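*Asks:* Numbers in our numbering are just positions in the sequence shown, counted from 1, shifted up by 1.
It is possible that some hints are incorrect.
Claimed, not checked - Pairs of lysine-lysine residues, derived as DSBU-like cross-links and limited to a Cα-Cα distance of at most 35 angstroms, are as follows:
#1 K258 / K125
#2 K262 / K25
#3 K262 / K125
To be verified - Between beta-carbon pairs, the in silico distance windows are:
#4 K25 / H236: 25 to 33 angstroms
#5 K76 / N210: 37 to 45 angstroms
#6 I112 / A214: 32 to 40 angstroms
#7 E255 / E111: 52 to 60 angstroms
#8 E28 / W176: 27 to 35 angstroms
#9 M243 / A83: 39 to 47 angstroms
#10 A250 / K25: 35 to 43 angstroms
#11 I112 / M253: 46 to 54 angstroms
#12 K76 / E293: 43 to 51 angstroms
Bear in mind the hints are in silico, worked out from the structure with no lab data behind them.
Note that the coordinates shown come from a computational prediction; the quantities given were computed from them, not determined experimentally.
From the three backbone atoms N, C-alpha and C, an ideal C-beta is built for every residue, glycine too.
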Amino acid sequence: MSELNTSNKPPAVASPLVAKELRKHAEYGLIRQVADGILCVLADNPKDYTGPGTNTYVIGEEAVWILDPGPNSQKHIDAVLAAVNGRGVEGILVTHTHLDHSPAANPLKEITGAKTYGFGALSKDILALTDEDIDEDFVPDEALSHGQMLGEGDYRIEALHTPGHFPNHMCYRLWNKDVLFSGDHVMGWSTTVVVPPLGHLGEYLQSLNVLEACEASLMLPSHGDPVDNPNGRIHEVREHRMMRHAQVADCMAEGLKCPEKIVEKLYVDLTPRLIEAAKGCVQAHIELLEEEATMRAPVKESFAFDVVAP
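Model the full assembly from the supplied sequences, consistent with the hints where possible.
*Replies:* Structure below.
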């Protein structure tokens with residue numbers, strides 16, 4: 002078991018070059034201690050979106066919670082079970098149902114007998130709207146609501162519904178240890194993609210406020226290293242997103258309306274997959290700008306009628 006370095010400041014902007022460098026130094030399957038009573042196992046599923054891969058956390062002492070079980074990889078499942086080390090599993094927590102987060106939940110459930118927890122599965126109608134990589138098979142044994150509490154003592158966990166990146170995204174707060182598990186909503190290695198129709202930038206920004214209000218002392222994301230200044234990182238992510246929002250607004254004012262043309266102007270050095278993600282993010286900014294314009298539009302004068310008592 003090794004200690005994980007928490008001193009490196011994460012970059013503000015996603016970059017394939019940064020991701021490639023992180024992958025070079027990744028130690029897949031290694032059990033790393035990231036805080037008292039919290040272990041981390043990194044899955045070997047590096048992609049443009051995931052950076053070095055998905056972090057699975059094992060939380061607790063005599064009995065444990067597994068958070069973000071990750072991809073359905075036997076090597077990763079074996080590594081997670083090694084971190085559990087024969088202890089009882091209180092439950093398996095899922096942040097959301099992208100394919101790099103939830104598929105290992107059911108195999109781990111079969112092995113440990115633990116219940117699975119998450120916000121809930123997406124309907125077929127919603128799934129039909131997108132071609133994102135989604136785990137359509139995961140349905141939690143217990144659907145969580147915002148603010149619901151699980152566990153007890155030092156390992157009392159609060160579920161936080163944080164849509165924006167994804168409709169069923171949950172973050173989790175370890176109350177008595179002042180630790181925030183931020184899933185994909187705030188990552189340790191890059192900014193998060195927000196792609197309509199399942200992603201919504203307004204909801205994303207509101208959910209950042211929810212995480213900021215936790216005032217945690219340590220944030221453990223599903224991708225990238227631990228963040229020892231959570232609110233600083235949240236502020237950095239928000240500032241980057243608002244900077245991009247202003248840039249998209251300027252492009253539209255200049256007559257650029259097509260996401261593809263705006264991406265060509267604003268982004269550099271992206272892989273083909275990240276170009277598609279960037280176009281989706283630009284579309285999210287366009288939709289929010291349109292919503293903001295509607296909210297600022299003057300209300301048309303209407304006629305008032307007096308109510309006459311019978």
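*Asks:* Each of the hints needs a verdict: does it hold here or not?
*Replies:* Hint by hint, here is what the structure shows:
| no. | hint | verdict |
| --- | --- | --- |
| 1 | K258 / K125 | 31 angstroms, holds |
| 2 | K262 / K25 | 33 angstroms, holds |
| 3 | K262 / K125 | 32 angstroms, holds |
| 4 | K25 / H236: 25 to 33 angstroms | 29 angstroms, holds |
| 5 | K76 / N210: 37 to 45 angstroms | 38 angstroms, holds |
| 6 | I112 / A214: 32 to 40 angstroms | 37 angstroms, holds |
| 7 | E255 / E111: 52 to 60 angstroms | 56 angstroms, holds |
| 8 | E28 / W176: 27 to 35 angstroms | 30 angstroms, holds |
| 9 | M243 / A83: 39 to 47 angstroms | 43 angstroms, holds |
| 10 | A250 / K25: 35 to 43 angstroms | 38 angstroms, holds |
| 11 | I112 / M253: 46 to 54 angstroms | 52 angstroms, holds |
| 12 | K76 / E293: 43 to 51 angstroms | 47 angstroms, holds |
Checked against the numbered hints listed earlier, the structure breaks none of them; every hint is satisfied.
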